[in-house]
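*Asks:* If you want the building blocks of each chain, they are given just below.
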Amino acid sequence: MLDAKIPNGPIEKKWSEYQATCALVNAANRKKMTVIVIGSGLAGGGAAAALGELGYHVKLFCFHDSTRRAHSVAAQGGVNAAKNYQNDGDNVYRMFYDAIKGGDYRSREANVYRMAELSVRLIDTCVAQGVPFAREYGGSLGNRSFGGVQVERTFYAQGQTGQQLLMGTNSAIARQVKAGRIERFSRHEMLDLVVKNGRAIGVIVRDAITGEIERHAAHAIVLGTGGYAKIYYLSTMAMGCNATAAWKAHKRGAFLANPSFVQVHPTSLPALGKHQSKLTLMSESLRNDGRIWVPARSGDDRSPEKIPDSERDYYLERKYPAFGNLTPRDIAARAAKEQIDAGHGVGPMRNAVFLDFRDAIAQHGRETIQSRYGNLFGMYQKITGIDAYVTPMLIAPSPHFTMGGLWVDYELMTTLEGLYACGECNFADHGSNRLGANSLLQACVDGYFILPSTIGNFLSSRIKEPLSPTDGPEFDQAESKTREDIQKLLSIKGSQPVDYFHRTLGATLWDCCGISRSRESLNRGIEQIRELREQFWNDVNITGGAHEPNSELEKATRVMDFLELGELMCIDALHREESCGAHFREEYQTKEGESLRNDEGFGYVSAWQHRAEGEPILHKEPLSFEAVNVMTRNYK
Amino acid sequence: MELNLRIWRQDGPDTPGQLVNYHLNNADPGMSFLEMLDAVNEQLINNGQRVIEFDHDCREGICGSCGMVINGRPHGPAQGSSTCQLHMRSFQNGDQITIEPFRASAFPIIRDLKVDRSAFDRIIDSGGYISTNIAAAPEANSILISKDEASHAFDAAACIGCGACVASCKNASAALFTSAKVTHLVNLPQGKVERSTRVVQMVNQMDTEGFGACSFTEACEAVCPQQISVSHIAQMNWEYNRAKLGM
Numbered sequence: 000m001l002d003a004k005i006p007n008g009p010i011e012k013k014w015s016e017y018q019a020t021c022a023l024v025n026a027a028n029r030k031k032m033t034v035i036v037i038g039s040g041l042a043g044g045g046a047a048a049a050l051g052e053l054g055y056h057v058k059l060f061c062f063h064d065s066t067r068r069a070h071s072v073a074a075q076g077g078v079n080a081a082k083n084y085q086n087d088g089d090n091v092y093r094m095f096y097d098a099i100k101g102g103d104y105r106s107r108e109a110n111v112y113r114m115a116e117l118s119v120r121l122i123d124t125c126v127a128q129g130v131p132f133a134r135e136y137g138g139s140l141g142n143r144s145f146g147g148v149q150v151e152r153t154f155y156a157q158g159q160t161g162q163q164l165l166m167g168t169n170s171a172i173a174r175q176v177k178a179g180r181i182e183r184f185s186r187h188e189m190l191d192l193v194v195k196n197g198r199a200i201g202v203i204v205r206d207a208i209t210g211e212i213e214r215h216a217a218h219a220i221v222l223g224t225g226g227y228a229k230i231y232y233l234s235t236m237a238m239g240c241n242a243t244a245a246w247k248a249h250k251r252g253a254f255l256a257n258p259s260f261v262q263v264h265p266t267s268l269p270a271l272g273k274h275q276s277k278l279t280l281m282s283e284s285l286r287n288d289g290r291i292w293v294p295a296r297s298g299d300d301r302s303p304e305k306i307p308d309s310e311r312d313y314y315l316e317r318k319y320p321a322f323g324n325l326t327p328r329d330i331a332a333r334a335a336k337e338q339i340d341a342g343h344g345v346g347p348m349r350n351a352v353f354l355d356f357r358d359a360i361a362q363h364g365r366e367t368i369q370s371r372y373g374n375l376f377g378m379y380q381k382i383t384g385i386d387a388y389v390t391p392m393l394i395a396p397s398p399h400f401t402m403g404g405l406w407v408d409y410e411l412m413t414t415l416e417g418l419y420a421c422g423e424c425n426f427a428d429h430g431s432n433r434l435g436a437n438s439l440l441q442a443c444v445d446g447y448f449i450l451p452s453t454i455g456n457f458l459s460s461r462i463k464e465p466l467s468p469t470d471g472p473e474f475d476q477a478e479s480k481t482r483e484d485i486q487k488l489l490s491i492k493g494s495q496p497v498d499y500f501h502r503t504l505g506a507t508l509w510d511c512c513g514i515s516r517s518r519e520s521l522n523r524g525i526e527q528i529r530e531l532r533e534q535f536w537n538d539v540n541i542t543g544g545a546h547e548p549n550s551e552l553e554k555a556t557r558v559m560d561f562l563e564l565g566e567l568m569c570i571d572a573l574h575r576e577e578s579c580g581a582h583f584r585e586e587y588q589t590k591e592g593e594s595l596r597n598d599e600g601f602g603y604v605s606a607w608q609h610r611a612e613g614e615p616i617l618h619k620e621p622l623s624f625e626a627v628n629v630m631t632r633n634y635k
Numbered sequence: 000m001e002l003n004l005r006i007w008r009q010d011g012p013d014t015p016g017q018l019v020n021y022h023l024n025n026a027d028p029g030m031s032f033l034e035m036l037d038a039v040n041e042q043l044i045n046n047g048q049r050v051i052e053f054d055h056d057c058r059e060g061i062c063g064s065c066g067m068v069i070n071g072r073p074h075g076p077a078q079g080s081s082t083c084q085l086h087m088r089s090f091q092n093g094d095q096i097t098i099e100p101f102r103a104s105a106f107p108i109i110r111d112l113k114v115d116r117s118a119f120d121r122i123i124d125s126g127g128y129i130s131t132n133i134a135a136a137p138e139a140n141s142i143l144i145s146k147d148e149a150s151h152a153f154d155a156a157a158c159i160g161c162g163a164c165v166a167s168c169k170n171a172s173a174a175l176f177t178s179a180k181v182t183h184l185v186n187l188p189q190g191k192v193e194r195s196t197r198v199v200q201m202v203n204q205m206d207t208e209g210f211g212a213c214s215f216t217e218a219c220e221a222v223c224p225q226q227i228s229v230s231h232i233a234q235m236n237w238e239y240n241r242a243k244l245g246m
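Protein chains in written order, with numbering that gives the first Met the number 0: chain A, 0 to 635; chain B, 0 to 246.
Same shape as in the complex, but just chain A:
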């Protein structure tokens, strides 16, 4: 039975009681202890900075050339916090409630409440770091709202909120680097986890310049490596986003939870051609002012300004009048797919819907819209060559955020002792659908506030333990496995580049385990992925060598793991015979086509244990709801 270690007591007291009673490491002992952090985004970077500040010796690894480039940088819209600056009735409980409901009752209450609770302090911290959030004329902080909520609680810095928060984190890292508490290893990628007797003791990393394979030991290891939506190839993720560190941890014993819960973002740019390498997100905040519509008549190919209002279908406003264009992401994405599938899609590939600012510009003036979203309109124009002040944007759904990830308990520890996972690489806070502007929040509070307390609770009893020697048999074994994989990949010399396999895997997953899934499609997906994996290991073609900069090899070491994870995603989706949040199983829907959840049968987290041979083993963490009444989501 999985023990989530949720503290007793009323929900609003759990975190403070935990902090009041957890064990501490005193300052003199902290500097004797080494913590490895993998990933330098808001979660990993924040954890590294906070742990460095406490005095631990931190080794921080990232595969980029600089810690400032982690993909948190690309989040545009904002970060939520229950500050109630707008006096519109917001508070911690309401925010907690919105997130639980938004996640379709598949997240853990205690974690979600803590996220909402800590949101308030997060904004204070960021402002102190110099994050230039939007301000009102009087000098106080400004807010806007995001999908799935009826209050304005989102703090933002134009359309570059993620970048600004990450620059704050990066400066906190820099401060600890200068203080000598963080040792920074850029262009280093974790390729395996070293485990001894069920406890994580170190990592194997590859230096991307020399190809050197290195061993590093630590008292505890933190993964803040983000999500795996790049598995779909076309996604809003950066090219380098990958699952390797988390997947290797999974293969070494860490359970992986809800891997099939992948958020499809409703407002990304549509694919425009066969060479497309990624899909760019247009911030969801655009839905505050933009109206989404398609031509009412299928196949109508008139230019949008020629289509009169009477022949437009503002389908979100029609179907969900209470939330309109601000319905949560899963609902908006599925509604768009429905329109596109029914032949109402627009754009050159008929794979998009319109996001129209005509009415907002008429009401507020172009200048106001420009000041709210100017850089997003600029970005849109750069990519498409189209001026969205004049012509509606073309938007389409695309894979975005992964709610699934490594299973962690309340302390963010995985099922491997001493291995922690924070931010998007764990599963805990978003259920089966993440509300907008909660991802930056979770990443930040996990890294800045939660880990520094919970890791101390673990490390306090290990103060006397020396670091594991890196010449032990577990390190030998992990390093030789890594070397063997690399040698094997380079020796195949087949006929297809790595990208071919990645694209094929992505297309298969989108088709079989994408915005909607069925028993039939998932079984097909599993079979196709197995065949593709076999083909990969016989026919991949990687040029260049192991001991030099080799971006093809880097891609291959990631795609080989995606080819295994993809199968587990389908297995997880297949077993979950219900529809919830981003997981829409076609067999389980209401007459109106809405999700049909099955709380009695599936009110649990699915946590998968890896087996070297045969099917993975399913463990269940039952979800109980004490502070909220579980009900059917209704945004009408």
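Be aware that one or more of the hints could be misleading.
Residues on chain B that point at chain A, a partial pick, calculated with CB under 7 Å [unchecked claim]:
| no. | residue |
| --- | --- |
| 1 | R49 |
| 2 | Q84 |
| 3 | I144 |
| 4 | A156 |
Worth flagging that the hints you see were computed from the coordinates, not collected in a lab.
The C-beta atom is built at its ideal place from N, Cα and C for all residues, glycine as well.
Add chain B to chain A, keeping to what the hints say.
*Replies:* Quick look at chain B alone, frame taken from chain A:
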């Protein structure tokens, strides 16, 4: 589209490099510049040759990883755009395009179009931050900041650290990058406390790294994908002099 490409190939920092000709006949105008390079690399792989190494990641113009000199201009012909946001519709069928790495002695070449920009990190490490403890912040609205101040700070903070400013400068100066961080922080009340030590440390580190002096030709602003203004350099100089004079 058919393209004739001349691309800088160099095995490592200590080996000589050269421009090599490549031909691509299946580019389309909607491709991004990096997707065009992906297509060249696919040809190379199919011929068993090693790929052209270049840094890139988000391909949304925000991570700052990508950057190359395209026909003599960092990030290519489009104004206010990083290489990943440049699209082939900016070129003509049959064009010859020359692609080189960002060149500066403070940015050693790693391979092909990949350069080492860690000097930028060391400039930030030297003091490009506000010394505040993570969990000890005052209530956010207790620090009132006018809309203008906030947006002025934001304009500087928008720097993505790509290094185009250095590559475009005849002196390979890092003044635009460094000044962006200096003015981002000094324009906020919470950043004013350390204004003097910060600017002196950062400017000293910039010199230590081997970046050249700024002679204000404004080439950096012209190529900056975030259109960071050279007025930040003026403010940095003012801040530096102020600190040195002990004002």
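*Asks:* Starting from the hint list further up, note which numbers the structure goes against and sort them upward.
*Replies:* Result: no hint breaks.
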